Amino acid sequence: EDQVTQSPEALRLQEGESSSLNCSYTVSGLRGLFWYRQDPGKGPEFLFTLYSAGEEKEKERLKATLTKKESFLHITAPKPEDSATYLCAVQASDSWGKFQFGAGTQVVVTP
Amino acid sequence: DAEITQSPRHKITETGRQVTLACHQTWNHNNMFWYRQDLGHGLRLIHYSYGVHDTNKGEVSDGYSVSRSNTEDLPLTLESAASSQTSVYFCASSEIAGVTSTDTQYFGPGTRLTVL
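Residue numbers (the numbering used here), protein chains in the order written: chain V, 7 to 117; chain U, 4 to 119.
In short, the hints are calculated from the structure, not lab data. Predicted model only: the values in this text are computed from it and were never measured. Built from N, CA and C at the ideal position, the CB exists for glycine as well. Hints may contain errors.
[Stated by the list, open to error] Some chain V residues near chain U, calculated using beta-carbon distances under 8 angstroms:
1) Phe40
2) Lys48
3) Gly49
4) Pro50
5) Phe52
6) Leu93
7) Gln97
8) Ala98
9) Gly103
10) Lys104
11) Phe105
12) Phe107
13) Ala109
14) Gly110
Work out the full structure, taking the sequences as your base and the hints as a guide.
So this is what it looks like as structure tokens:
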């Protein structure tokens with residue numbers, strides 16, 4: 007059975023204090039790994055897709071990386087507007103479009 | 004711009020009542036999904052559809068049903084609402100992936116349902 011585990015559950019950062027979020031996964035053949043950002047009271051917003059080990063994607067202060075067993079979302083010099091819950095999802099090669107989501111990491115960045 | 008809308012955004016109902024949550028997308032996507040989100044559980048798949056007249060059960064489908072009569076809409080029905088179905092419900096849609104692409108899912112704003 008596909009499994010996705012995100013850690014930590016919650017992260018409190020000072021503005022400018024860089025950190026990383028972890029998404030470890032077990033899947034029978036990875037078709038894609040997805041990162042989403044979710045603000046309170048809103049739907050998840052797509053950030054990145056990673057397809058293969060060694061791949062990296064960047065967007066502003068966010069950088070996602072992928073290995074064969076886990077993905078990291080690095081937040082460099084975060085600002086208060088980076089406060090959100092970050093969700094990781096995997097798509098198995100035999101899943102026909104279905105995702106398995108992790109429980110998310112809630113990030114709070116204080117000024 | 005293409006989008007997914009959900010209605011209502013908030014709903015309070017009583018145990019035993021039938022409730023229907025609407026989802027409408029203008030992406031012209033073939034795939035549509037319904038999830039529920041609860042604290043500590045993340046997003047869990049309820050039902051999904053790969054096209055008109057196609058519906059499939061997800062991991063938490065008991066007590067829910069869907070029907071797909073056109074590309075744009077996938078309404079979710081709670082046949083007899085229970086307090087355990089109090090949750091936030093999200094609809095999502097995606098393209099049919101080609102051999103070299105993946106199916107990024109795009110989400111609606113959610114419906115907060117309370118069953119008393």
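Hint by hint, here is what the structure shows:
1. Phe40: 7 angstroms, holds
2. Lys48: 6 angstroms, holds
3. Gly49: 4 angstroms, holds
4. Pro50: Interface hint status for proline 50 of chain V: holds (5 angstroms vs cutoff 8 angstroms).
5. Phe52: The hint holds - phenylalanine 52 of chain V has a Cβ within 8 angstroms of chain U, the shortest such distance being about 6 angstroms.
6. Leu93: 7 angstroms, holds
7. Gln97: With Cβ-Cβ at 6 angstroms, under 8 angstroms, it holds.
8. Ala98: 11 angstroms, violated
9. Gly103: Because about 4 angstroms separates glycine 103 of chain V from the closest Cβ in chain U, which is inside the 8 angstroms limit, the hint holds.
10. Lys104: Interface hint status for lysine 104 of chain V: holds (6 angstroms vs cutoff 8 angstroms).
11. Phe105: With a minimum Cβ separation of about 6 angstroms from chain U (threshold 8 angstroms), the hint on phenylalanine 105 of chain V holds.
12. Phe107: 4 angstroms, holds
13. Ala109: 4 angstroms, holds
14. Gly110: At 6 angstroms from the nearest chain U Cβ, glycine 110 of chain V passes the 8 angstroms test, so the hint holds.
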